[in-house]
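*Asks:* Sequence:
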Amino acid sequence: MKLDATESKKQKATVHPPRRTYLHQQYEDIINNDRVMFVFQHNNLTVKEFTNIRQELGLLGAPTKLTVLRSGVFNSVLRKTKYANLEPLVAGAPVCVLHTNMNDTEHPNLLKQAMEVINKNKKMVLLGGKLDNTLLSNDDVIKVVQLPGLQQVQAELLGVLESPGRKLLGTLDSPARELHSVLDRRID
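Going by my numbering, 151 is the number at position 165 of the sequence shown; the sequence numbering is gapless.
Quick caveat, the hints were computed from the structure, so don't treat them as lab data. Some hints could be false.
[Said to hold, decoys possible] Heads up, simulated DSS-like pairs for lysine-lysine below, C-alpha to C-alpha not over 25 angstroms straight-line:
{"id": "1", "residue 1": "K98", "residue 2": "K129"}
{"id": "2", "residue 1": "K98", "residue 2": "K66"}
{"id": "3", "residue 1": "K106", "residue 2": "K129"}
{"id": "4", "residue 1": "K109", "residue 2": "K66"}
{"id": "5", "residue 1": "K129", "residue 2": "K66"}
{"id": "6", "residue 1": "K108", "residue 2": "K129"}
{"id": "7", "residue 1": "K51", "residue 2": "K66"}
{"id": "8", "residue 1": "K34", "residue 2": "K51"}
{"id": "9", "residue 1": "K98", "residue 2": "K108"}
{"id": "10", "residue 1": "K98", "residue 2": "K51"}
{"id": "11", "residue 1": "K153", "residue 2": "K129"}
{"id": "12", "residue 1": "K129", "residue 2": "K68"}
{"id": "13", "residue 1": "K34", "residue 2": "K108"}
{"id": "14", "residue 1": "K51", "residue 2": "K153"}
{"id": "15", "residue 1": "K108", "residue 2": "K68"}
{"id": "16", "residue 1": "K129", "residue 2": "K34"}
{"id": "17", "residue 1": "K34", "residue 2": "K98"}
{"id": "18", "residue 1": "K109", "residue 2": "K98"}
{"id": "19", "residue 1": "K153", "residue 2": "K108"}
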């Protein structure tokens, strides 16, 4: 009996344990659906320290999660995505990701507050991450976190664009006001 190539591939297909399949699906969801994902190396954090960080993140009022990763499973997911360049960040060291799908308009200071919570613990080291569809180094993450919220930037831009118009209107209106003032004094 001779097997063709497709049948032999079917027989060699690896069946993964349910836990690994669940983690694979969870990591795919984090990478593909969450807007923000920052990768941290955690060095000998106790369960109590992780719990405290997660509780403080929960108090921020936005759905932000800190997920400890199994690097082998996470790397297999990363290889299939456009974020494969994050793979070296996850290799070897114990890592976790801070992830959320919250928008700037809903919670403008969320990333800054979340980073403040995590930076309280010196055992957490920022490695990099992604924001929307952009890969970020640790320096880029720090810069992004320091940016003001989108609504604040829009308000500042509107003020900058509106300012010259107001000055021009004031300049054009001042001779008419002065003439009106002079004529009022003459009439009295």
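*Asks:* Next, verify each hint and record whether it holds.
*Replies:* Hint by hint, here is what the structure shows:
no.: 1; hint: K98 with K129; result: holds, 10 angstroms
no.: 2; hint: K98 with K66; result: violated, 30 angstroms
no.: 3; hint: K106 with K129; result: holds, 18 angstroms
no.: 4; hint: K109 with K66; result: violated, 30 angstroms
no.: 5; hint: K129 with K66; result: violated, 28 angstroms
no.: 6; hint: K108 with K129; result: holds, 19 angstroms
no.: 7; hint: K51 with K66; result: holds, 23 angstroms
no.: 8; hint: K34 with K51; result: holds, 16 angstroms
no.: 9; hint: K98 with K108; result: holds, 17 angstroms
no.: 10; hint: K98 with K51; result: holds, 15 angstroms
no.: 11; hint: K153 with K129; result: violated, 34 angstroms
no.: 12; hint: K129 with K68; result: holds, 23 angstroms
no.: 13; hint: K34 with K108; result: holds, 15 angstroms
no.: 14; hint: K51 with K153; result: violated, 48 angstroms
no.: 15; hint: K108 with K68; result: violated, 31 angstroms
no.: 16; hint: K129 with K34; result: violated, 30 angstroms
no.: 17; hint: K34 with K98; result: holds, 23 angstroms
no.: 18; hint: K109 with K98; result: holds, 18 angstroms
no.: 19; hint: K153 with K108; result: violated, 51 angstroms
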